[in-house]
Amino acid sequence: MQDRNHLARVETTHQVHIIENGLIDIPMLQILKPDGTLHDEAQEPALSEDVARKIYDTMEYIRVLDERMIGAQRQGRISFYLASTGEEAAAVGSAAALSPDDMIMSQYREQGALAYRGYTTSQFMNQMFSNEKDPNKGRQMPIHYGDKALNFMTISSPLGTQIPQAAGYAYGQKMAGNDAITICYFGEGAASEGDFHAGLNMAAVLKCPVIFFCRNNGYAISTPAAEQFAGDGIASRGLGYGVKTIRVDGNDPLAVFAATKRARELALEERCPVLIEAMTYRLAAHSTSDDPTGYRSREEEDKWRAKDPIQRMAKWLQQKGWYDEAANKQLIDETRQEVLKALKEAEKVSINPIEDIVSDVYDEVPWHLKEQLDNLKDHIRQYPDAYPKTSGRVK
Amino acid sequence: MAKMNLLQAINNALITVMDQDERVMVFGEDVGHFGGVFRATSNLQEKYGRGRCFNTPLTEQGIIGFANGLASQGSVPVAEIQFGDYIFPAFDQIVNETAKFRYRSGGQFSCGTLTIRTPYGGGIAGGHYHSQSPEAFFAHCPGLKIVIPRNPYQAKGLLLASIRDDNPVLFLEPKRLYRASVSDVPEEDYELPLGKADTVQEGSDITLLGWGAQIEILQKAADMALEDGVSCEIIDLRSILPWDADAVAESVMKTGRLLINHEAPLTGGFASEVAATIQDRCFLYLEAPIARVCGLDTPYPLAHEKEYMPDELKTYEAIKRTLKY
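As you go down the protein sequences, you meet chains A and B in turn. Per my numbering, residue 1 is the first one in the first sequence, and the count goes up by one each step. Per my numbering, residue 1001 is the first one in the second sequence, and the count goes up by one each step.
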């Protein structure tokens, strides 16, 4: 019987030899130079004009959506927003390399992946206005999207919880013989949570077809990566857990696409997890509750603005002859109008009726919640003016 | 005296104790240079250096495990969990370690110097991951103290007492009041006692018991009831564990009626514990069943937040029902 104890294969040494971090250099895949031209030795991924345009248009769409929704939050129309400015290529480029059957378990800055899947502007708005057209029934703060039809798991705020869940979901896909994988997005901050370590280890040991996609965007709210970890980023941890790993330039949509495509092939063919660390930068504030001027400089941000993934891809598209300046401008204008129109519509839609305060807690409403709902309805009937969002429909 | 909001009072308490005791260290997610997402720890890193006020990696179980080790070594950790809703990865460290260190070692080791600060509660459009009131989970855990202030004056005095108390304290801060509540706060050092309730208003017909941000709600309901000629006694429990059963029982023996209000769900909420103890101690004095005005037994909603809240109208109606019983 084969000795399955890994330690039995360890070579011996007879000198006190401490291994230090940095001995293994993990390179970063970059296909497009920051100026949008191809590296000489780089291989252009097989991208049709349609897919290339869709990646680009989705990034532009998300940038406009983010700008408009930050504005809407400042006007007090929604309570909260969280932008992905500067990081669009990480979410969109990876989503483009997946099959629509693949499950997406995201953190909260991957609206680009959701838009690429086909989530509409109205769907975005209904979630953000917590109205009754949102299938999540207005139960979570803005940006916590979820759509079963698009294989996009409803987002949770607590960080990192989706990482071991993704291992479990992928294991189920494998056991069911599905021709699909799971992708799990998270940030370098969330990778400090215990769930990251549990999730990677379990996925490796149980051979789960899952892509762990880390957006290393440099900051967890105000905490810079330098105060988050002392090792070589997140990629070095994948090796420790026996997980195939690749580091990629997160601001290079072609590199992200190529890395994710290869990771998906490996996950599916070898039934194993793959870790991708996408190096990027959170140009946006953490959220509308945050002000980055308190913890980083304008100069630092400007350095990263120069590496903008959208401009980089626009230049590449131009070289391919796939870029039309006028059409692009029109797309941006139309998106702005579409967002505004959908926003105005969504804010007029009512919230769910009061009955939904007790639904979905269990599969069926138990006696004590029925009783609590009845009491609440009596109370609302007594003071309809105090509960204007629901009293109109309480008969 | 200075006018301070609740955040400033907490900041002021931390400065007071960090000035006096070099063993005090303040840490958590974003608490360093940034001063915490609510700015409760503003300027502490500049004042006391990165060794004593620092950002941690983003891991709640790590923060509390680290704090337990630091406390057992003899330092005085004041650990921040960014939102009460995010304390659960640290549940094992708190329940099985913080609370049992002293007991399991026969008193040789303890985490008595540890204070865990965390914002709790709703009313901020935060939905179920930024609004929960987790006090009852921890009230079931022998070895912890749980303290909740209702205003800036209380916050400074109770936090100083919590940090200096030789037992681990979970200090829950009502985030709805962080900037909304302003009061006169002494700039000098003072402590308010742990384990002691505070009578906010004297009355004769019914005792209204609550803590934290709900004291405001009780006050509004008491004002409404006063228009009907009902005299309410309002008690702020302040400490959930150990709690001041004597003070509550004494008040109920006077008024004959008790109403308890908390934001957390009804079932298994701390009101249940109070009700059980008070019916035992005051059975023959009670003129009506003990009333509980609490959150529903659901996750904390977003769109239906207003409907969920145990607000002054629900409290007022419960006062009337209790008086009419």
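I should point out that these hints are in silico values taken from the structure, not numbers from a laboratory. A few of these clues could be false.
Said to hold, decoys possible - Capping the alpha-carbon separation at 16 Å, the derived lysine to aspartate or glutamate pairs in EDC-like fashion look like this:
1. B/Lys-1003 / B/Glu-1187
2. A/Lys-370 / A/Asp-385
3. B/Lys-1306 / A/Glu-67
4. A/Lys-137 / B/Glu-1305
5. A/Lys-207 / A/Glu-269
6. A/Lys-377 / B/Asp-1244
7. B/Lys-1320 / B/Glu-1273
8. B/Lys-1306 / A/Asp-356
9. A/Lys-389 / B/Glu-1287
10. A/Lys-315 / A/Glu-300
To be verified - According to the in silico footprint, chain B covers these stretches of chain A (three or more CB under 8 Å from chain B):
11. 39-47
12. 215-222
13. 384-392
Stated by the list, open to error - Partial list, derived from the structure: chain B residues whose beta carbon lies under 7 Å from chain A:
14. Gly-1127
15. Leu-1226
16. Leu-1302
Remember, predicted model here, so these are calculated numbers, not experimental data. We put the CB at the ideal spot given by N, CA and C, even for glycine.
Here is what the structure says about each hint:
Our distance criterion of 16 Å between C-alpha atoms is met by B/Lys-1003 and B/Glu-1187, whose separation comes to about 10 Å. Straight-line distance between C-alpha atoms of A/Lys-370 and A/Asp-385 comes to about 23 Å, which puts the hinted pair past the 16 Å bound. Pair hint B/Lys-1306 plus A/Glu-67 does not hold up; C-alpha atoms about 30 Å apart against a cutoff of 16 Å. Distance check on the hinted pair: A/Lys-137 and B/Glu-1305 sit about 13 Å apart at the alpha-carbon level, within 16 Å; holds.
The hinted pair formed by A/Lys-207 and A/Glu-269 meets the criterion: a straight-line CA distance of about 11 Å does not exceed 16 Å. At roughly 35 Å between alpha-carbon atoms, A/Lys-377 and B/Asp-1244 are farther apart than 16 Å, so this suggested pair is violated. The straight-line distance between the Cα atoms of B/Lys-1320 and B/Glu-1273 is roughly 23 Å, outside the 16 Å bound, and the hint therefore fails. At roughly 14 Å between alpha-carbon atoms, B/Lys-1306 and A/Asp-356 fall within 16 Å of each other, so this suggested pair holds.
Proximity of A/Lys-389 to B/Glu-1287 is assessed by CA-CA distance (about 37 Å); at most 16 Å being required, the pair is judged violated. A C-alpha spacing of about 23 Å is found between A/Lys-315 and A/Glu-300, which places the hinted pair above 16 Å, so the restraint is violated. Check result for the region 39-47 of chain A against chain B: violated, 0 residues qualifying (beta carbon to beta carbon below 8 Å, three or more required). Taking a C-beta to C-beta cut-off of 8 Å, the region 215-222 of chain A contributes 3 residues in contact with chain B, enough for the three needed, and the coverage statement holds.
Coverage of the region 384-392 of chain A by chain B holds. Counting CB-CB distances below 8 Å, 4 residues qualify, and the rule asks for three or more. Contact between B/Gly-1127 and chain A, as hinted, is supported at the beta carbon level, the nearest pair being about 5 Å apart and thus within 7 Å. Checking B/Leu-1226 against chain A: minimum C-beta separation of about 19 Å lies over 7 Å; hint violated. The restraint placing B/Leu-1302 at the interface with chain A holds, with a minimum CB-CB distance near 5 Å, inside the 7 Å limit.
Figure legend: structure checked against the earlier numbered hints; hints not met, in rising order: 2, 3, 6, 7, 9, 10, 11 and 15.
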